[in-house]
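Participant: Now for the letters of each chain:
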Amino acid sequence: MANRDPTSWMRAEYESLVAQSLDWKLRVLQGPSAPRSIVDGKTVIMLCSNNYLNLSNHPKVKRAAREAIKTHGAGSGSVRPIAGNMDLHEELERRIARFKRREAALFYMSGFAGNAGLISQLAGDGDAILTDELNHGSIIDGVRLTKAQRIIYRHRDVGDLERALKEADVSAKKILVVSDGVFSMDGDIAPVGEIAKLSESFGAMVYIDDAHGEGVLGDGGRGVASHFHVEEKIQVELGTFSKALGVVGGYVAGSNDLRNYALNKSRTWLLSGSHPPAVTAACTAAIDVLETEPRHVKKLWSNTKYFKKRLVSLGFDIGRSETPITPVMLGDSATAKRFSDRLFEEGVFALPIVYPMVAKDKARIRNIVNAGLKRQDLDDALAAYEKIGKELSVIA
Amino acid sequence: MRRLGFIVNPIAGMGGRVGLKGTDGVVDEARAAGADPVAPTRARAFAETILALSRGDPSLSIRWLTAAGPMGMEPLGAAGVDEERCEIINRPPEPTTAEDTRRAVEACIDRGAELVLFCGGDGTARDVAESARDRAPILGIPAGVKMYSAVFAVSPQAAAELTLAYLRGRLRIGSAEILDLDEDAYRRGEWRIALVGTAKTLVEPTLVQAGKLQVAEVTEESTREELADHFRELFAAEPDTLFFLGPGSTIASIATVLGLEKTLLGIDAVLGGRTVAKDVDERSLLRLLDQHPKAKLVVSPIGAQGFLLGRGNPEASPDVLRRIGTRNVIAVATPAKLAMTPVLRVDTGDAALDEEFRRREYLFVLIGYRTSKLHPIQR
Numbered sequence: 001m002a003n004r005d006p007t008s009w010m011r012a013e014y015e016s017l018v019a020q021s022l023d024w025k026l027r028v029l030q031g032p033s034a035p036r037s038i039v040d041g042k043t044v045i046m047l048c049s050n051n052y053l054n055l056s057n058h059p060k061v062k063r064a065a066r067e068a069i070k071t072h073g074a075g076s077g078s079v080r081p082i083a084g085n086m087d088l089h090e091e092l093e094r095r096i097a098r099f100k101r102r103e104a105a106l107f108y109m110s111g112f113a114g115n116a117g118l119i120s121q122l123a124g125d126g127d128a129i130l131t132d133e134l135n136h137g138s139i140i141d142g143v144r145l146t147k148a149q150r151i152i153y154r155h156r157d158v159g160d161l162e163r164a165l166k167e168a169d170v171s172a173k174k175i176l177v178v179s180d181g182v183f184s185m186d187g188d189i190a191p192v193g194e195i196a197k198l199s200e201s202f203g204a205m206v207y208i209d210d211a212h213g214e215g216v217l218g219d220g221g222r223g224v225a226s227h228f229h230v231e232e233k234i235q236v237e238l239g240t241f242s243k244a245l246g247v248v249g250g251y252v253a254g255s256n257d258l259r260n261y262a263l264n265k266s267r268t269w270l271l272s273g274s275h276p277p278a279v280t281a282a283c284t285a286a287i288d289v290l291e292t293e294p295r296h297v298k299k300l301w302s303n304t305k306y307f308k309k310r311l312v313s314l315g316f317d318i319g320r321s322e323t324p325i326t327p328v329m330l331g332d333s334a335t336a337k338r339f340s341d342r343l344f345e346e347g348v349f350a351l352p353i354v355y356p357m358v359a360k361d362k363a364r365i366r367n368i369v370n371a372g373l374k375r376q377d378l379d380d381a382l383a384a385y386e387k388i389g390k391e392l393s394v395i396a
Numbered sequence: 001m002r003r004l005g006f007i008v009n010p011i012a013g014m015g016g017r018v019g020l021k022g023t024d025g026v027v028d029e030a031r032a033a034g035a036d037p038v039a040p041t042r043a044r045a046f047a048e049t050i051l052a053l054s055r056g057d058p059s060l061s062i063r064w065l066t067a068a069g070p071m072g073m074e075p076l077g078a079a080g081v082d083e084e085r086c087e088i089i090n091r092p093p094e095p096t097t098a099e100d101t102r103r104a105v106e107a108c109i110d111r112g113a114e115l116v117l118f119c120g121g122d123g124t125a126r127d128v129a130e131s132a133r134d135r136a137p138i139l140g141i142p143a144g145v146k147m148y149s150a151v152f153a154v155s156p157q158a159a160a161e162l163t164l165a166y167l168r169g170r171l172r173i174g175s176a177e178i179l180d181l182d183e184d185a186y187r188r189g190e191w192r193i194a195l196v197g198t199a200k201t202l203v204e205p206t207l208v209q210a211g212k213l214q215v216a217e218v219t220e221e222s223t224r225e226e227l228a229d230h231f232r233e234l235f236a237a238e239p240d241t242l243f244f245l246g247p248g249s250t251i252a253s254i255a256t257v258l259g260l261e262k263t264l265l266g267i268d269a270v271l272g273g274r275t276v277a278k279d280v281d282e283r284s285l286l287r288l289l290d291q292h293p294k295a296k297l298v299v300s301p302i303g304a305q306g307f308l309l310g311r312g313n314p315e316a317s318p319d320v321l322r323r324i325g326t327r328n329v330i331a332v333a334t335p336a337k338l339a340m341t342p343v344l345r346v347d348t349g350d351a352a353l354d355e356e357f358r359r360r361e362y363l364f365v366l367i368g369y370r371t372s373k374l375h376p377i378q379r
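Residue numbers (our numbering), protein chains in the order written: chain H, 1 to 396; chain Y, 1 to 379.
FYI, nobody ran anything at the bench for these hints, they're computed from the structure. No experiment lies behind these values; they were computed from the predicted model shown. Glycine is no exception: its CB is placed at the ideal position from the N, C-alpha and C atoms. There's no promise every hint is true.
To be verified - Only part of the chain Y face toward chain H is listed, based on derived beta-carbon distances under 8 angstroms:
(1) R85
(2) C86
(3) Y362
(4) T371
(5) S372
(6) K373
(7) I377
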């Protein structure tokens, strides 16, 4: 008989994470994710949700979820390919395609499931995948599932991408270029226009994960491809309903061929139970709101500009951000953690991003501006920043 | 209580000030020229920094295993380290020798040192690495004339910070190259630097994004497994290609995973997944190339310095490289090693051949299973 303990390794691993302060300490949200939320019993200004447009609280979106439960029930009963393909799913995919000005779309369980399930099917042995070094973990996992040659190019470096394309051009059958549209740690935007044009000249397929650009960038929040006017040169746009659209679920948008291929090949899609009616209908309603109420995107940007301008005039360094993701660079991890703790005490919820998520000297607080924040909320948050910044000698 | 070894080479660095490019074999000459020892001050600065940074943190209680006199206890005492916290492992008579260093290192490890700190230069690193024999990691406090080996911190203060980071569990153990310059040749005007061995040292874990807001450490071991998978497939896919595996710890450890016995400091030849020749010299390389015209050379850059060709692998002569073809040179490195290597260098001794590499500006470096990254070559 083996002298084997089946589970003690888990505690050992966990304790080692705790010893290195690398474990997640979960905070509890009591009530909705809103501009002012109750977190661990305290009312705080929410500066770390991805709910950019506050659509999770929009009356039309909530009503759609309630109605769908009445008409279609709580669950879908099956995976889509067998018996879980509801009219609500088909309707949502038509609406996504129309919104994205594409032929077709496919709704996934999450953005992660989209990347992991689709990238792994778009390239194989003899092909090449070119990927930005700071791409999201779900892209990395999708890439790791293939037998394609993988070339990692430097962050947003079009020259490096061109060299990689030339190398891949020599031997690869198919070439796939994958990039985030907006990078979630710094809030910087990929040079999607140049990526698209360069890839086109090599006959490479372009795949953009626009999780943080959807509802934020482009015409009416249509995303990064629209922002750069290169929609027809991007073959795969991956998006999510869990961020600006305020619900949950991922999707890919592109050609009919892409949809047909993806729904026959993506195992994460084929083998997951389909989204429940409430979620699906709420997603459709969120697109409806985006199409009919342009004020939310406008408000997001006016809030972003105000918040960033005031932070800079207070003397804070906001890094290379070009989007509502607004880092406040603080240097070492201890300062960032202390700063975040003090913010919470002062009624502001913004998480520190520290080593090892970013380099040791690049620790920061990451703020995500929200369209639902009122001028008073922003001023209160800025007052807390000023107070703590002086207290910790980050600003003069 | 953490047990750390602390060994100082009291004469390290003496040759530098008086232009001797090293202290090997010229101590008396250096003394006569008025050279002062560098190591005692550096060793003391290291100990002072450790004391200052660990004050108030009871979890960092250190027991120093060290030699009596200038080889350890003197600088520790001068920095204010309490004698109660020190354990004298030997009492070498003065003047001390390389043999004393070796004995002291072995004694430290025998008595349970989990890390050996040493103060000196490349020559000291070589002695320490040889006696540590991978039983414990080593970390150099720089005090020599030359410090090409990848086991040195950039300053005594940095060595102290690295040590504390290790004790707090933030660093991992990886391997690094020990290099040394042939000092006799250097004094004759030749710059000849050679890979003389490898040692375990402290490395920062390489971090990759593994999920949303979540980062996973990739250990050197798992990278090597991945690289081994890559080569296993490559050997199988190209059964008639002769693979020359270059020197160094990265390639040796990949070979170990593949079940190949690899010469650490030499070039071995592999065909169809089996070793067909070991530690081949230039002549044998050329002869093997006559029999197997299809060949590839696998090399790894020397950590930090970035030499891919022309250092540590003289057997891969310009003739050999031309026969193999520069396109058939496969560069391989772990992500951690590549991250600390700003630029790749080639110095084959043949300007036209070097130019052929340098014209490309960038080389693809294999860093994982079917995964490569572009890295610049020095112009």
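Participant: Take the hints in turn and mark each one as holding or not.
Facilitator: Now for the hints, and whether the structure bears them out:
1. R85: violated (23 angstroms)
2. C86: violated (27 angstroms)
3. Y362: holds (5 angstroms)
4. T371: Holds, about 4 angstroms.
5. S372: holds (6 angstroms)
6. K373: Holds - the Cβ of K373(Y) comes within 8 angstroms of chain H, reaching about 5 angstroms at its closest.
7. I377: violated (12 angstroms)
Of the numbered hints stated above, those contradicted by the structure are hints 1, 2 and 7, listed in ascending order.
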